[in-house]
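Student: Sequence:
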Amino acid sequence: MTALTLADHSWQRDDFTVSTERQRLDMDYIHQQLVEKSYWAKDQPRAKTERAFAGSLPFGVYHQQQQIGFARLVTDYTRFGWLCDVMIDENWRGHGLGSWLATCVRAHPELATVHRWMLSTNDAHQLYQRLGWRVVQDPQKLMEFPLS
1 MTALTLADHS
11 WQRDDFTVST
21 ERQRLDMDYI
31 HQQLVEKSYW
41 AKDQPRAKTE
51 RAFAGSLPFG
61 VYHQQQQIGF
71 ARLVTDYTRF
81 GWLCDVMIDE
91 NWRGHGLGSW
101 LATCVRAHPE
111 LATVHRWMLS
121 TNDAHQLYQR
131 LGWRVVQDPQ
141 KLMEFPLS
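Under the UniProt record's numbering, think of the first position of the sequence shown as 1, with each following residue one higher.
Note that these hints are calculated values from the structure, not bench results.
Mixed in with the good hints there might be a few duds.
[As the list claims (entries may be wrong)] For each label pair, taking beta carbons as the anchor points, the in silico distance ranges come out as: (1) Q44 x D123: 31 to 39 Å; (2) E50 x A112: 23 to 31 Å; (3) G132 x V35: 17 to 25 Å; (4) W40 x Y77: 17 to 25 Å; (5) V35 x H95: 23 to 31 Å.
Just so it is clear, CB atoms sit at the ideal spot from N, CA and C, and this is done for glycine as well.
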């Protein structure tokens with residue numbers, strides 16, 4: 001078995017770009033946003049942020065050359081994708097960039113066979129529902145392994 005190598009993909013809208021190019025990611029910006037602005041990654045060490053992005057399919061959102069958002073997808077590229085760490089800089093919210101980012105993730109051509117998409121959110125249910133996501137129909141089928 002060989003390792004999967006993916007071509008970079010990008011989507012353009014006016015002066016905005018969504019890209020999967022790893023070398024464009026500003027890990028300083030990403031880590032700062034996660035630890036300062038998210039409810040799920042506060043106090044996360046930088047090494048953990050880098051490892052999470054290295055093990056996922058990353059998406060960066062850029063205004064011209066400046067990174068203003070990001071997301072990552074944990075996936076096997078065949079059956080399952082977990083959308084996480086979706087963030088748009090608060091200075092750029094209200095322009096539809098979060099919706100566009102989530103749409104670009106779902107439109108990635110290497111993910112066409114993925115048939116189970118999931119995410120977890122405390123505060124963006126309406127946003128994702130407008131994009132076709134729904135609350136899990138049979139939550140009793142899902143399980144987690146609590147570490148605490």
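Student: So, for every hint listed, does it hold in this structure?
Tutor: Hints, verified against the model:
1. For the pair Q44 and D123, the supplied restraint of 31 to 39 Å is violated, since their beta-carbon distance comes to about 19 Å.
2. Checking the proposed 23 to 31 Å range against E50 and A112 shows it holds: the Cβ atoms sit about 29 Å from each other.
3. Under the hint 17 to 25 Å, the C-beta atoms of G132 and V35, about 31 Å apart, miss the expected range.
4. The supplied range of 17 to 25 Å is met by W40 and Y77, whose beta-carbon atoms lie about 24 Å from each other.
5. One distance hint, 23 to 31 Å for the beta-carbon pair V35 and H95, holds here, with the actual separation near 24 Å.
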